[in-house]
Amino acid sequence: MIAEFGSFALVLALTFAVVQMALSAAARVRRSAVLAAAGEGAAVASFAGVAIAFACLIHAFVTSDFSVANVAANSHTEKPLLYKVAGTWGSHEGSILLWCLILTGYGAAAATLGRGLPRGLKALMVATQGALGTVFLAYTVFASNPLTRIAMPPVEGRSLNPLLQDPALAIHPPFLYSGYVGMSVVFSLAVAALIEGRVDAAWARWVRPWALAAWSFLTVGITLGAFWAYYELGWGGWWFWDPVENASFMPWLMATALLHSAVVTEKRGALAGWSLFLAIGAFTFSMLGAFLVRSGVLTSVHAFAVDPKRGVLLLIILGVTAGSAFALFAWRAPKLAQGGLFAPISRESALVMNNILLAAATTTVMFGTLFPLVREAMGTPISIGPGYFNWTFAPLMAALAIILPAGPLLAWKRGDLHGVGQRLWAAALIALGCGLLAYALVSPRKAFGALGIAIGVWLVAGVVTELVERTRAFRVSAADSWRRLTGLPRGAWGMTLAHLGLGVFVLGACAELGWKGEAAEALPLGGALDVGAYHLTLETVRPVEGPNYDSERAMIRVTKAGREVCTGEPDRRFYPAGGQTISGIALCYRGASHLYMVLGERRKALDGTPVWLIRAYWNPWASLIFLGPVIMALGGLTSLSDRRMRLGVARRRAAATPAPAAAKEQPA
Amino acid sequence: MSWLPKSPKARRRLTLVAAIAPVLALALGLTLWGLRGSISFFYTPSQAAAAHPPPGRSVQLGGMVQMGSVAKHPDGRVDFVVADRTARDKVSFQGDLPDLFREGQGVVAVGAFREDGVFEAKQVLAKHDEKYMPPDLEKALKAQGEWRGDGSTPDYAKAQPAT
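Going line by line, the protein sequences match chains A and B.
Residue numbers for the first sequence follow our numbering, beginning at 13 and rising by one.
Residue numbers for the second sequence follow our numbering, beginning at 31 and rising by one.
Possibly wrong hints are sitting among the right ones.
Said to hold, decoys possible - Derived DEER-like restraints, expressed as beta-carbon distance ranges:
(1) A:Leu93 with B:Val47: 58 to 68 Å
(2) B:Leu58 with A:Glu551: 36 to 46 Å
(3) A:Glu551 with B:Gly86: 37 to 47 Å
In case anyone wonders, no lab produced these hints; they're calculated from the structure.
Note that the coordinates shown come from a computational prediction; the quantities given were computed from them, not determined experimentally.
Yeah, the Cβ is synthetic: ideal placement off N, Cα and C, and Gly gets one too.
Just chain A, with the same shape it has in the complex (with noise of 0.2 Å):
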């Protein structure tokens, strides 16, 4: 009864987006309060539906009711209460219903925050979101409904992928998609702005908010996907340059452009077009990453058990949803206002060439995802290795990194490129002494691997350049300095943090990747192996029963020169549900760099004892890599908490200055 209660709510809600869309439209046409209002209704009542929906899927997971298609084939009566709860995203059908609440979720957000808006502009952002809530529910509800029940009930669920069952991929998915479709609300504004014919900086000040609230969303998001690649993977490694992680990524890398792009377009006004394409792009990679993930076009390591049907009506959302935007920028922004004016040397031209830069990269990303595709239709199969990606993704990258600290010191319209260079040259110094001491130093000598570190020394030396221009430290009393400091503006506080954050995250990456040590063997018990400057010793290898899994457990004692530092405990687990042995490993944290251990088969040595094929990792400064992202997304929220980007704020600023807001926070 309550699965088909469910279905009824999910209809209702696709009613409501529908009468959502259509009373939206009418009423930027009628120019009416009421029907807006009414509007506003609609979007809050389909998020509640689709709510309820949710609420009668997850229902039947935690009840484990067989009779419901997906819980059986992804549900089991043994599986822990969380992993039950998070098997309701952990399908294909259960994820497209999380996809649609958070799509009306956000859709409701917007009709209810959104009070500052021009109401023209308000009533389009809920239309379109409207559409687009029409467009993804249609689908849920005719191809792809979680709560259809089955004919003959099995008496126990197929249970989920053992892979899944891990603490944070039952976090990863909600986070993922707040940030996907969080972009559907900048998309929604974009198509509304370019439906109005208007954007300036009050536009781009109420796309802001959007756009980091989504953008911390997906940067948690994918750094909890590669966490549990990381550490359930058993690979040793946290990204594989695969689709499917590079169609979370090139979302990502549009919406960090959309991020600095909006700031020029809120501060001088210019580049109100670019912002637009930058904002429609954005949600469609989303889509275009919901349609790879979900068609099973690409072989990827991460898949749901695909429909060829379903991926084909998805490219259809696709082409129709983008296309038209697409359309629409074609045909409306070439009438779009020019902006202000900047010099070649400018923070204005520091940001073009951050967009440039990520642009150009989203491009190659794009170009080795989908390349493989067109090859397969033209008949010659083909894949394309992290190689490619390293080779073109990394120096953009570090071109951007180089670029980056100089950004934040540039004045807008003309900047002195002199004077930036005085300031930053203490830091150009500490960087390339970093860089050539850990070329000369660190065993084995690793060229790009030094050069990483310099990069990343150079990151964080640039935001402490900045943070003492800006708090004149060292030229003013302390006292002064620090209330210049406690003073500074959250949306500042948030850069501040989210160029530490890529610091951190560059820091780590290229300690791993440069100095990473691997080693693997089939040890007897009492046999042992080394990694780095460890040597690992396998002492017991034990059966021990989970909750629903069978597992042997290997206890390994690790020691440097002698001296124990600790243990690790990998196992390796068979679970009967699914038929499926996983792999787990165990992680010693030595300061920020991890001993990975994996367990592996058990077997038969050539004299008939038994030996297990150990394998381990050395990952130097793993934990940066991780903990980069966090402060980045950390550095989001904390600009997003800036009493600046209030809507209502925005709007009594907006009305008090008509021309584009100037811009004088900064003491530059």
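Please arrange chain B on chain A, whose structure you already have, making use of the hints.
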């Protein structure tokens, strides 16, 4: 600088082009450079026999793991045979097989042929999902008329290893 256009708009456009062009050229150059070593073709054993990729060139070999062909050695090395209907290739792999690697199932091995014709795999991909078939492999098998639908095991995979 008299050669610069007079109108500020045209000047801005010129600056923008001057900024974009080198990045574009860099990206294009890197793309071509990066593609050189990173593209690997996908073959089934019979396609590999026809195309005859030179030893050492990185390729992907996809097919079914022949029943009874898997030999695991104590030192961690694994030998198995990947087959399609008309051809089979010996594969040698050092390391831990994916958890879903099984005889009679589809796999994709990434690596290169050695001089002696044995395929030296650097990586072996099997799927999380036991019903899964890599799209390339599915297509190649369908083209050869070998496709029996999800999860079924083609007969040749059950055959005893030749010699």
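We went through each hint and held it up to the structure:
no.: 1; hint: A:Leu93 with B:Val47: 58 to 68 Å; in the structure: holds, 59 Å
no.: 2; hint: B:Leu58 with A:Glu551: 36 to 46 Å; in the structure: violated, 55 Å
no.: 3; hint: A:Glu551 with B:Gly86: 37 to 47 Å; in the structure: holds, 41 Å
The structure does not agree with numbered hint 2 stated previously, though it agrees with all others.
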